[in-house]
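Whenever a hint applies, use it, and build me the whole structure from the sequences.
Chains as they are written, first to last, in our numbering: chain A, 1 to 294; chain B, 1001 to 1277; chain C, 2001 to 2483.
Any given hint could be a false lead.
Claimed, not checked - Among chain C residues calculated to face chain B with C-beta under 8 Å, some are:
1) 2114
2) 2117
3) 2120
4) 2121
5) 2331
6) 2334
To be verified - Have a look at the derived ranges for each label pair, beta carbon to beta carbon:
7) A/54 with C/2217: 49 to 55 Å
8) B/1132 with C/2290: 56 to 62 Å
9) B/1192 with A/185: 25 to 31 Å
What the hints assert, rightly or not - Dumping the calculated DSSO-like pairs for lysine-lysine here, alpha-carbon to alpha-carbon at most 27 Å:
10) C/2311 with B/1062
11) C/2400 with C/2426
12) C/2146 with C/2311
13) C/2162 with C/2400
14) C/2387 with A/68
15) C/2167 with C/2311
16) C/2227 with C/2167
17) C/2211 with C/2227
18) A/46 with C/2146
19) B/1062 with C/2328
20) B/1062 with C/2110
21) A/98 with B/1265
22) C/2365 with A/46
23) C/2473 with A/46
24) C/2110 with A/65
25) C/2067 with C/2382
26) C/2273 with A/65
27) C/2469 with C/2263
28) B/1265 with A/95
29) C/2456 with C/2167
30) C/2382 with C/2368
31) A/46 with C/2366
32) B/1062 with C/2392
33) A/68 with C/2456
34) C/2067 with C/2092
35) C/2480 with A/46
36) A/68 with C/2067
37) C/2365 with C/2093
38) A/2 with B/1107
39) C/2387 with C/2167
40) A/2 with B/1221
The hints are simulated quantities; they were obtained by calculation from the structure and are not laboratory data.
Glycine included, C-beta positions come from ideal geometry on N, C-alpha and C.
Next come the chains, spelled out residue by residue.
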Amino acid sequence: MKSGERSFIWVCTLPALLLAAVFVFYPFAQALLMSFYSWSGISDEKVFIGLDNFRTMLGDEIVWKALKNNLFLLLTVPVLTMGLAVLFSVLLTRKKLKERNFYRTVFFFPNVLALVVISILWSFIYHPTFGIVNSLLNAVGLEQWTHAWLGEQGTVMWALVFPMVWQAVGYYMIIYIAAIEGIPTDLYEVAHLEGASEWQQFRLITLPLIWTVMRVTLILFLINVFNQSFTYVNVMTAGGPDNGSQILMTYMYGQGFANGNFGYAMAIGVLMLGITIALSLLSELLTKRETIQY
Amino acid sequence: MKTKAWSNWPVRILLLIYSVIVIYPLFWTVTTSFKTTNEFYDNPWSLPTSFSIANYVNAFEKANIGSYFFNSIVVTIGALAICITISFMAAYVITRYDTRWLRGLRKLYMLALFFPIAFKIVPLFMLLNQLHLLDNRFGLILVYAATSIPFTVFLMIGFLSTISKDYEEAAMIDGCSRYGILFRIILPMAQSGLITVVIFNFMSYWNEYIMALSFITTEGKRTLTLGIAYLMEVQRYATDWGALFAALVIVMVPTLLLYSLLQRKITSGLNMGGLKG
Amino acid sequence: MVRKARLPYDVEERHKEGKVGVTMKHPLVKWSSRLGLTVLAVGLAAGCGSKAPEQNGSTGAAAGDGKFTNKQLKVAVFEGGYGKAYWEEVVKKFEADYPGVKVEMTSNPKIMDVVKPQLVAGNPPDVIYAPESEPSGTVRSLISDKAIMDLTDVFESKALDKDVPLKDVITDGLLEYTKPYGDGKIYYAPLYVTTQGMWYNKTLFEQKGWKVPETWDEFLALGETAKKEGRSLYAYQGTSPGYNESILWPAIASVSGMEQIDKITNYEEGSFKNENVRKVLNIFEQISQKGYLMPGTVALNHTQAQTEFLKGKALFITNGNWFEGEMKDAPREEGFQYGFMAPPVFAKGEQKYTMTGFESMYIPKKSKNPDLAKEFIKYMYKEDNVKLNSEKSTGIVAVKNGAEYAKEFVPKSVYDSVKIFDQGVKPLNFQWKVTPKTEVKIQEEVFQPISSVMNKNMTVDQWVERVEKAFGKLRDVLAKSGQ
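As structure tokens, this is what we get:
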């Protein structure tokens, strides 16, 4: 390699690497390290305590509750979002509706809103006395169905799922539409001639062909759900009622910043990291169905 | 496709219902932002009796929305400039040259895509404190830029690998330097990819919340998302619904505007980015 | 400036961040509990008390001149319900009285977020005024890290404007709650006192001819009356169930005596699993089971719940005496008038209690200028400054006669809430025993279950078990640290 080339490579890669090293990789390593210490975050007293933080975690019921809630979101949000996104993308491509651009535009709207804005908005939608949901139920005579949606253990997690789905559907729909538009139309023509129903066409042609795309999106989406749920929970419920919507991230944040238990917070962080790694491996495996070329 | 016309109606109704689910809350936010607190309490569903802009005046005067707005713009533009420039350069080299070190670098960035943001918040807080960049907009800019490097590099690699090498070879023969090629040949050609990346990063910086929440404390340095969450929290506005909704509208407008202006770019760019992975 | 409720703000914020810390707002231990803590502590205290009063604390204004070699003083002020107007004035006065002294005052509603990095960097302010319950948890960390300075000498020394020790200027009995480590030494300098109890709409009760309930039976009986009126009996601050402490602890004290409170604050085994405590917890369960809770309460934040109360949706709510100031701009029912009462008792004639709390100033151990900082704290208790404080902050300062000094400046309901102590009600100050770092947030473990009970997801027995379990963990933590 010529030296000019070498210096060119360095000049181009170093700035990004340097910045990422300082603000991404270093804190990451720090976090791993801190999980073995007891430290309040404000004193000089940093005590190495080995695996004690992890032991504490095992006996901390809130951690398990939070983990369960995390998994609930990781399961329901992607399933609902992708289900709806696939449905809409199929409807918008297969049914040649005149106004389909309108739907495309509108469904994508929530995606450009700040999560904080969405969270605040949905807090009002769920508001027990004047929220849209309860008002609607009252208006159609279903008073007994009204709930304090964000205040009851039985409803709070589902109440968090919907804004997350609402926010993400449009994004995935757009991606799937493009994938479907890339499928040659003669495949459908043939299927139609052979008498395949719409459902069969979807199952045999559309789904297999957009599967690759779905796989890529699934992994990124899981990570997104994991990261974004913090904002929703933080703004909408603060983990309540009685830890009913506590997730690992909010709990970690609370232990680290409010309870002065930095080491413990990082141990929870390590658990989270383990989950994201497991998730990406899992989704890789789950979706490793034959991808079909056309 | 020989679908009978009537069979489209159930589909249409379904799509319309979902459209209402999307639009109504936004519409409600806008109408509420013109109502007084008492009007709101009387009937949260009614349309405002008059289009008073008092809530907006409040949002700017009492709630300091103007300075939140300014901070968001500064932070977003700063982070965009830094992140895009260095990620573009790194991505170009990673796509064009094949060395073991660059392959490793590429893997490293891929790996970093999976780091949960919340995980590094606490050590980052400590680090910024040591660097005297805590509660500092420039600190936030650096953190934002750094955090989105992996994703930006990842997307840029996707775009850059679609550009044929022939252009560079031709330019090389014409005596163009490597830097000349990078900025005069590749940059213009990667334009649509760059725009996509800019849009993505703009959205994520503009809407970012966790890091701003953790690293910014002074009221005068708050970004919009932080300011609006604060508005929702803090006493005096919790009973002043109007100002809160006005503030919500003020936050929503720029992104919605940007979206409608660049709608085509966003959706097509999103596909490129989304599919290239 | 709106008198943004400092406490509710904190509690809410704190709650937001997913915690309500080791000790919630205000302390409340009885003195006897402290006495019982360690015999050793008494010895230490005595040793301390016999130390010569510090020389810096001189009387005259100009006397401060020349006594302090370091003339830079950094003061960090929590800007909450009491605002910052007082601090701006008093800093100017202090600088005038102590020529050459330069006070650098920072105020912020999230002051501890500003202070925290300075603490980490080992360069803290010299004086901090912030409620223990502030949202960042930094004050609690300072306390549990034992990173605050012993102030015993300040209170043993002579007051700046009176010929008595400063400790005699402070509200009677209050200093007993400023000794968090059971070593007999004072670490907090109390600044404001608050009262927390139950509120009702005076006008409504007069119009309807309802009697303010003396006993819990009378209270619950009003539940049916309220229902007929289309109202609910009770509301609390929904997402911050910790507010219910102003009912829970006084009710336990009334039925079981202060000894029970002492046992609880020391996490004694079985102190919660107790018939009398259960009786009190049952009140909450009955409110839930009989449908006496204001609909939607569990999902409302504190201002929302309080607004609904003002609009007449519920007959009673619990809150501190910052209530009226906090809700100044909120819509309300026609003719609404704030009525304050001590929580009811089980049998007529039982001793009534009402919770009080206080907000303090602290000097971090790493302060660069402790002498001047101590002088500054003493300065706060000068009579003219106390008056200035009440005038500017509309708070009641923690000195004898503090309420009288404040009378002309504060809303009537604030004054009323303090006056009940002249009517046979005893103040109750609740303060959890300080523990080393732990993941258990005891205030949450006790009060968060109220949401579950109200949602009918939890029984009183499960509630009791949960608290006992948390107590067990805290006892382990204390045992490990050798306390």
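Pair hint outcome, residue 68 of chain A versus residue 2067 of chain C [Cα-Cα no greater than 27 Å]: Measuring from Cα to Cα gives roughly 62 Å; hence the hint is violated.
Measure nothing beyond the straight line between the CA atoms of residue 2387 of chain C and residue 68 of chain A; if it is 27 Å or shorter, mark the hint as holding. It is violated: about 54 Å lies between the C-alpha atoms, which goes past 27 Å.
Proposed proximity, residue 1265 of chain B with residue 98 of chain A (alpha carbon, max 27 Å): holds, 22 Å
Interface hint compliance - residue 2120 of chain C to chain B, C-beta minimum distance less than 8 Å: holds, 6 Å
Regarding the pair residue 1062 of chain B and residue 2110 of chain C, is the alpha-carbon distance no greater than 27 Å? Within the cut-off at roughly 18 Å; holds.
Compare the distance between the alpha carbons of residue 1062 of chain B and residue 2328 of chain C with 27 Å, and conclude whether the hinted pair is satisfied. holds, 16 Å
For a C-alpha distance cap of 27 Å, please report whether residue 1265 of chain B and residue 95 of chain A respect it. holds, 24 Å
Next pair to validate is residue 2211 of chain C with residue 2227 of chain C; report whether the Cα-Cα distance is within 27 Å. holds, 16 Å
Is residue 68 of chain A within 27 Å of residue 2456 of chain C, Cα to Cα? It holds: about 21 Å lies between the C-alpha atoms, which stays within 27 Å.
Take a quick look at whether residue 2273 of chain C and residue 65 of chain A sit within 27 Å of each other, Cα to Cα. Holds - the C-alpha atoms of residue 65 of chain A and residue 2273 of chain C are around 25 Å apart, at most 27 Å.
Is the hinted pair residue 2365 of chain C and residue 46 of chain A satisfied, with a Cα-Cα distance of at most 27 Å? holds, 18 Å
Please verify whether residue 2387 of chain C and residue 2167 of chain C have alpha carbons no more than 27 Å apart. holds, 18 Å
In the structure shown, a violation is registered for the earlier hints numbered 6, 12, 14, 15, 16, 24, 29, 36, 40, in ascending order.
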